[in-house]
Amino acid sequence: MTFVAKPKTHHPKLPRNELGLTRRDYEGAVSTLCAGCGHDSVSAAIIQACHELSIPAHRVAKLSGIGCSSKTPTYFLGKSHGFNSVHGRMPSVATGANMANRELYYIGISGDGDSASIGLGQFAHIVRRRINMTYVVDNNGTYGLTKGQFSATNDKGSTSKKGVPNLYEPIDLAMMAIQIGATFVARSFSGDKEQLVPLLKAALKHEGFAFLDVISPCVAFNNHNGSTKSYEYVRGHSSALALADLIPTRDAIEVDYAPGAAEDVAMPDGSTLRLRKLRDDYDPRNRVTAMDTLMRMNEKGEIVTGLLFLDDDPSDCHEILGTVDEPLASLGEAELCPGSERLETINAAFR
Amino acid sequence: MTVPIQAVNDFVIKFANVNGSGSASANGMFAKALFRMGIPCAPRNIFPSNIQGLPTWFEVRVSEAGHLGRREGIDLMVAMNAETYADDVAEVRPGGFLLHDSTKPFPKALRRDDVTFIGVPIAELILHEFSDPKQRQLFKNIVYVGALAELLQIEWDVLTGMLEEQFKGKEKLIGPNVRALEIGRDYARDYLETPLPIRVRRCDGVGDSILIDGNTAAALGFLWGGATVAAWYPITPSTSLAEAFEQHASKLRKDPGSDRHRFAVLQAEDELSAIGMVIGAGWNGARSFTATSGPGLSLMQEFLGLAYFAEIPAVLVDVQRAGPSTGMPTRTQQSDLLLAAYASHGDTKHVLLLPSTPKECFDFAVEALDLAERLQTPIMIMTDLDLGMNDHISPPFQWDDARRYDRGKVLDADGLEQVKDWGRYLDVDGDGIGWRTLPGTHPEKGSFFTRGTSRDEYAKYTERGEIYQRNMERLQKKWATAATLVPKAEIREGAKSKPCGVIFYGTSAPPMPEALAALKQQGIDLDSMRVRGFPFGAEVYEFIERHEEVFVIEQNRDGQLRSLLVIEGDIDPARLVPVLHYDGMPLSAQVVERQIAEHFAAMRKPRLSEVTP
Ligand SMILES: Cc1ncc(C[n+]2csc(CCOP(=O)(O)OP(=O)(O)O)c2C)c(N)n1
Ligand code: SF4
Ligand SMILES: [Mg+2]
Numbered sequence: 147m148t149f150v151a152k153p154k155t156h157h158p159k160l161p162r163n164e165l166g167l168t169r170r171d172y173e174g175a176v177s178t179l180c181a182g183c184g185h186d187s188v189s190a191a192i193i194q195a196c197h198e199l200s201i202p203a204h205r206v207a208k209l210s211g212i213g214c215s216s217k218t219p220t221y222f223l224g225k226s227h228g229f230n231s232v233h234g235r236m237p238s239v240a241t242g243a244n245m246a247n248r249e250l251y252y253i254g255i256s257g258d259g260d261s262a263s264i265g266l267g268q269f270a271h272i273v274r275r276r277i278n279m280t281y282v283v284d285n286n287g288t289y290g291l292t293k294g295q296f297s298a299t300n301d302k303g304s305t306s307k308k309g310v311p312n313l314y315e316p317i318d319l320a321m322m323a324i325q326i327g328a329t330f331v332a333r334s335f336s337g338d339k340e341q342l343v344p345l346l347k348a349a350l351k352h353e354g355f356a357f358l359d360v361i362s363p364c365v366a367f368n369n370h371n372g373s374t375k376s377y378e379y380v381r382g383h384s385s386a387l388a389l390a391d392l393i394p395t396r397d398a399i400e401v402d403y404a405p406g407a408a409e410d411v412a413m414p415d416g417s418t419l420r421l422r423k424l425r426d427d428y429d430p431r432n433r434v435t436a437m438d439t440l441m442r443m444n445e446k447g448e449i450v451t452g453l454l455f456l457d458d459d460p461s462d463c464h465e466i467l468g469t470v471d472e473p474l475a476s477l478g479e480a481e482l483c484p485g486s487e488r489l490e491t492i493n494a495a496f497r
Numbered sequence: 002m003t004v005p006i007q008a009v010n011d012f013v014i015k016f017a018n019v020n021g022s023g024s025a026s027a028n029g030m031f032a033k034a035l036f037r038m039g040i041p042c043a044p045r046n047i048f049p050s051n052i053q054g055l056p057t058w059f060e061v062r063v064s065e066a067g068h069l070g071r072r073e074g075i076d077l078m079v080a081m082n083a084e085t086y087a088d089d090v091a092e093v094r095p096g097g098f099l100l101h102d103s104t105k106p107f108p109k110a111l112r113r114d115d116v117t118f119i120g121v122p123i124a125e126l127i128l129h130e131f132s133d134p135k136q137r138q139l140f141k142n143i144v145y146v147g148a149l150a151e152l153l154q155i156e157w158d159v160l161t162g163m164l165e166e167q168f169k170g171k172e173k174l175i176g177p178n179v180r181a182l183e184i185g186r187d188y189a190r191d192y193l194e195t196p197l198p199i200r201v202r203r204c205d206g207v208g209d210s211i212l213i214d215g216n217t218a219a220a221l222g223f224l225w226g227g228a229t230v231a232a233w234y235p236i237t238p239s240t241s242l243a244e245a246f247e248q249h250a251s252k253l254r255k256d257p258g259s260d261r262h263r264f265a266v267l268q269a270e271d272e273l274s275a276i277g278m279v280i281g282a283g284w285n286g287a288r289s290f291t292a293t294s295g296p297g298l299s300l301m302q303e304f305l306g307l308a309y310f311a312e313i314p315a316v317l318v319d320v321q322r323a324g325p326s327t328g329m330p331t332r333t334q335q336s337d338l339l340l341a342a343y344a345s346h347g348d349t350k351h352v353l354l355l356p357s358t359p360k361e362c363f364d365f366a367v368e369a370l371d372l373a374e375r376l377q378t379p380i381m382i383m384t385d386l387d388l389g390m391n392d393h394i395s396p397p398f399q400w401d402d403a404r405r406y407d408r409g410k411v412l413d414a415d416g417l418e419q420v421k422d423w424g425r426y427l428d429v430d431g432d433g434i435g436w437r438t439l440p441g442t443h444p445e446k447g448s449f450f451t452r453g454t455s456r457d458e459y460a461k462y463t464e465r466g467e468i469y470q471r472n473m474e475r476l477q478k479k480w481a482t483a484a485t486l487v488p489k490a491e492i493r494e495g496a497k498s499k500p501c502g503v504i505f506y507g508t509s510a511p512p513m514p515e516a517l518a519a520l521k522q523q524g525i526d527l528d529s530m531r532v533r534g535f536p537f538g539a540e541v542y543e544f545i546e547r548h549e550e551v552f553v554i555e556q557n558r559d560g561q562l563r564s565l566l567v568i569e570g571d572i573d574p575a576r577l578v579p580v581l582h583y584d585g586m587p588l589s590a591q592v593v594e595r596q597i598a599e600h601f602a603a604m605r606k607p608r609l610s611e612v613t614p
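Those protein sequence lines, which keep their order, are chains P and H. When you read off a place in the first sequence, starting at 1, and then add 146, the result is the number in the numbering used here. When you read off a place in the second sequence, starting at 1, and then add 1, the result is the number in the numbering used here.
In case anyone wonders, no lab produced these hints; they're calculated from the structure. Think of the CB as a built atom: it goes at the ideal place given N, C-alpha and C, for glycine as much as any other residue. Check before you lean on any hint, since a few could be wrong.
Ranges of calculated distance between the beta carbons of each label pair, as one might list FRET restraints [unchecked claim]:
1. H:H346 with P:S461: 33 to 43 Å
2. H:R471 with P:D426: 56 to 66 Å
3. P:D438 with H:L427: 48 to 58 Å
4. P:E315 with H:G21: 35 to 45 Å
5. H:D348 with P:D426: 41 to 51 Å
6. H:V429 with P:P405: 48 to 58 Å
Taking beta-carbon pairs under 8 Å as the criterion, some of the chain H residues facing chain P (in silico) [to be verified]:
7. T104
8. K105
9. A287
Bound conformation, chain H alone:
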């Protein structure tokens, strides 16, 4: 007989549901309740590309130690979808638990001796209490939350308090919801052995953090950062970003006198149009952005090249997902990096920002609007489904009221009067960035014709080769300027560098502290660097320089960040060891730990503990 897992504030719970059955809000409530009890947790929605009927899962990693990357193996499975019972049972760790609706018996053939099965006759309990079929369906989810409250010791007031908040203004709904919770709780109390050996306990693990998804965070960043024109085309997992912007802007961006909008949101006919609108608005002086995912970014290629060459500010968020067409649109990946970095034909390269947390989504959205105008070029914020759509515990957002938007080099009418020899693409400051003018500024001065590359420093049409080349060299200078302006890499390194290091970015960051700690236990001690922008700053190359071998951890098949490092930094590929994960699920510490440990084993490298005293 396997010993049941014992754990307080350290386990993984997974809910298996049917899409469209209202489980998402109940599961979200579960996670938020733990967060409000001060317990660090990381909810992850694993959903199909479907509106109703297909299986869907929701995983919550609970970790008082603050390990919020994904962890393999499930301690407690809430199996509410009979169709996926077989898979769901298989995922439970030996000694784990499985909660199911015992109105119908759990198939004998699927039972496991090393798993504790907990039956709650949810459908039956509901049947007696509620008559409306829709309510019966919805409240099933609330009933299991009630049972879990008892089994795991979730504070009751936290749960009911959340229901009261949620139904503020619709008080009639509070009673039935609380009743559903009680049904679950009472059944567990009366008929089950509680609490379970795994459970939760209030702690002080979240401080003043907030629990928010990256898409909403970025949308708020754009709002605070002064974006006025948003153009987008619906695509999972980016849709909620544009929707959040519109929703919050409708409240926070009204002209107090007229009630009219100080923003425009356009749902375009496709992504080509969305990026075209952003470029048109940027050309005309408005801060503008679009949000999309891989398929949209693919469509935007030609326009991104135009914005690069014509030097027009534009901001784009790519909430990355796996693969094209149908298949894995609702799974996460970091697989658009190369597509974004070198988007479009001709010699192009683009500035990328790589946030890891919702706070960084907010900050980088603001930063991107500044950088786009400063550098007069597209800025792409690369997030992914995991960061964009799942709630994450994040430091709260901050705003300094003294902060001013950096509108970049724009000559107004007075400026035009003063400048003697103005040319749109003249590099007068030596940073590769010219002074631009906006339409409508001056009756006589400053007008120019915007086009691709066939123009000289004064924006006059020319097809002369040496002028084209000169322009390309200036763009290269601007690229060097960009490398000094993007967010610096975050480096963790002792006073003395260790022989090897790891590089990672974006959502590969959350599992890293856990992975590095586990590797250290095995005698593999590594320095680490989280890259936050492209072009890479000098500190990135210096970190690599200081280490014999560096592992590059990312969520794609081809090692795209590694390729960028090799191409841009002219680094010997042998020194950069790829650690790759690309099954569409968020990265876990175990994957990192395994691959790095295997590498050391295969290389038969001496453990660091063997060489360092």
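Chain P extracted, bound-state conformation:
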């Protein structure tokens, strides 16, 4: 846990955005996640993206399911309304909220357990419906909050903390999203600010369903030899790690690598995670190419990062349904109630 509260005073030199606000104005409550948890880096990137875009925080609605990842909306944009819903069902809540008011920004935060297991059905259907929102999965390949069980994004053959190998095929949410109609699909790494912040900004500006699969290491439960999605911080500490309630304090991993390049992220346990950044000349506007690229990289054991797929001219659910421009929640009797005379004609039709 991070117990040290951040001072609330504004540094006079902090850069201000178009609204005259500093980055601090976009912060939330102090995080209670494990120190070094990748999810906190994602929150920091969201804060930076919203600040840089000068989004008025109160025009953002933050929604999440249940999990360590789903707790994070408390830790960014303190001036936004947030909704910590139930496990795996954030997509439906976000869909309803979006139907009620199409004028807000919607940020959905989920975990790999939340979206790829219990919520896989809702995930698939929110993609299909093209709800205009930014949907982030903090993907750590494990169930953080329930202490380290396998998640469905875990690679086959990787082992859990208890040494049990994963026997099942992984689900690639980015691949799924591309296949079933998302109009913006990206993958990144929590510690790669240079890549993640611009992707988040693009996703927030995208007027359709934007999906970001963010690899976000769990320092508590995926930091053992055999995991393919995480790192162990200090290798020599494995004996200490046998104590289930001792979580090592560490700094979040940061990476910075060039387009087209591969980056081997050192796993604390000695294994590595190879990230491959899409080349600058990669054209994300083709669904088939995007799927092909993902599959080829998977075959090579590399995790491809960057903007995988983009439809520049997206449609969203309101367009599909043909709803009015004003938020439905803002309409009153005058717009909604057909009145007594119409009701008389209805009565007459049933006589």
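Fit chain H with the ligands to the given chain P structure using the hints.
Chain H with the ligands alone, transformed into the frame defined by chain P:
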């Protein structure tokens, strides 16, 4: 030789058909024709969970006296399904009638001496007249309606007028339909003894009533009540509610300038998602509802608990049906009451509205949208297959144009400026209901984090026990407020209370006047109360208090309303006598009468006529 039943405007007719053969519309036309002749009648579709091929029945209770509950025994059977002949013959009352297609002879072994068999060679008649096989199939149904018109004396102009209305814009179809009617009528006139001893006669029994099903009524209520987001997953018997909403909204809820929709209907991927959408929309300030049945309500449990604790408006209609999985999905019951009342884990309880008529389905839909926002909690309207899917004679819908939606306690930007110490879950008014804010309202004030119970009055995260408990106690206060806001029970009681009473609700109401009248004839005179909402108002407990013994009539095995009364009102169970019916068919007056009379006999209670002068 049994004397044939003689009756004018007082009989039960049942049609036995094959599902998917087009009989439903012909049978509906029959019922509507009687309604248009001013005769009170209650049509009931008894259908299988099947699209084509299985047996299906349609019953119409005709009663000038206005007894519109189901009545046991059939006076006239229209037996159009050879597969069910044996059962159908058996159901006819002694002295009754059975109409069949005599193209093939009716099996000798199934004939009864005490039933009059009426043969019309329908298939043969059709064969000569129509060549298209599809028409031949469809018009069989119209032919028997034509024969019935002659046999029962249905006004001809009423029937043809309905065909003209039905095929407005497709005039080509009117001729062949009228021809089919004529074939039936002419055969009956030329070859049968008409009219039958049972028949109909125009009367003045329906006034300005309408004939409509509860699902359509509720859908219209949501439309008038300002619902903008509807999310649902198909399930019989609730499907037609969501479909009716979409159909009527598409006409009545368009922006006149752009032609775009002032509503959104989402067919969800399952009921979990449907209720999630409703909760999301309610959280964000839209009036929103879903319609489902027992299996869907089972899936929605976790979310309903969240909405209860997070205090989010949501409206749900449960069109109840029997049992899970396959089996009885197309039969009616009132068996979800406990599931709904205490839906979800933790200490939860929910507001229920219990309509009896389509008019109440309409009114309670409007009311539910108001109550959900006023009480910031899920409101469930409990109907059932009988009310939802069958047409019922109902008072017409009414709307007062001066009526304003009650949007409940929502602080806007100005309100937030004025309030000094705002906390989402602070009970400033003493009614247990806090002031909520909607996302996007104010740049600096009023934002909060919505979650289950782990928060204080200011919506700040906490796991402290005493704060949790304080919150639970406030919710209890809100529950007491709810008891004053739900529709009051309807009580029928003379100036002086009788020793015993009956309690009922929903579709158990229609047979009650008939049952109570019959019991009175036997010397058992009872006061009655129709419960219309949960939590129960004070008047409900007071009614029970005034009576030694109260019968609780309901359509389930476990006496669920009775349990609610015992649990919530701390009532001695011995005083509440269950009267139960749960075979999936709508309740009849005879069932009620029998069970109550048997109870008195078993208790050897003195007849009231013996004790009261
Ligand atoms: C219906 C239900 N089942 C189980 C749980 C317990 N649970 C809480 S979080 C969680 C897994 C979270 O995993 P993930 O979404 O990957 O989030 P992480 O903690 O890894 O960020 C589970 C199973 C729950 N809250 N609700
Ligand atoms: S358990 Fe893992 S996912 Fe959860 S806060 Fe700790 S490091 Fe993050
Ligand atoms: Mg996870």
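A quick look at each hint next to the structure:
no.: 1; hint: H:H346 with P:S461: 33 to 43 Å; result: 39 Å, holds
no.: 2; hint: H:R471 with P:D426: 56 to 66 Å; result: 58 Å, holds
no.: 3; hint: P:D438 with H:L427: 48 to 58 Å; result: 56 Å, holds
no.: 4; hint: P:E315 with H:G21: 35 to 45 Å; result: 43 Å, holds
no.: 5; hint: H:D348 with P:D426: 41 to 51 Å; result: 58 Å, violated
no.: 6; hint: H:V429 with P:P405: 48 to 58 Å; result: 56 Å, holds
no.: 7; hint: T104; result: 37 Å, violated
no.: 8; hint: K105; result: 39 Å, violated
no.: 9; hint: A287; result: 3 Å, holds
Going down the numbered hints, you'll see the structure goes against 5, 7, 8, while the others check out.
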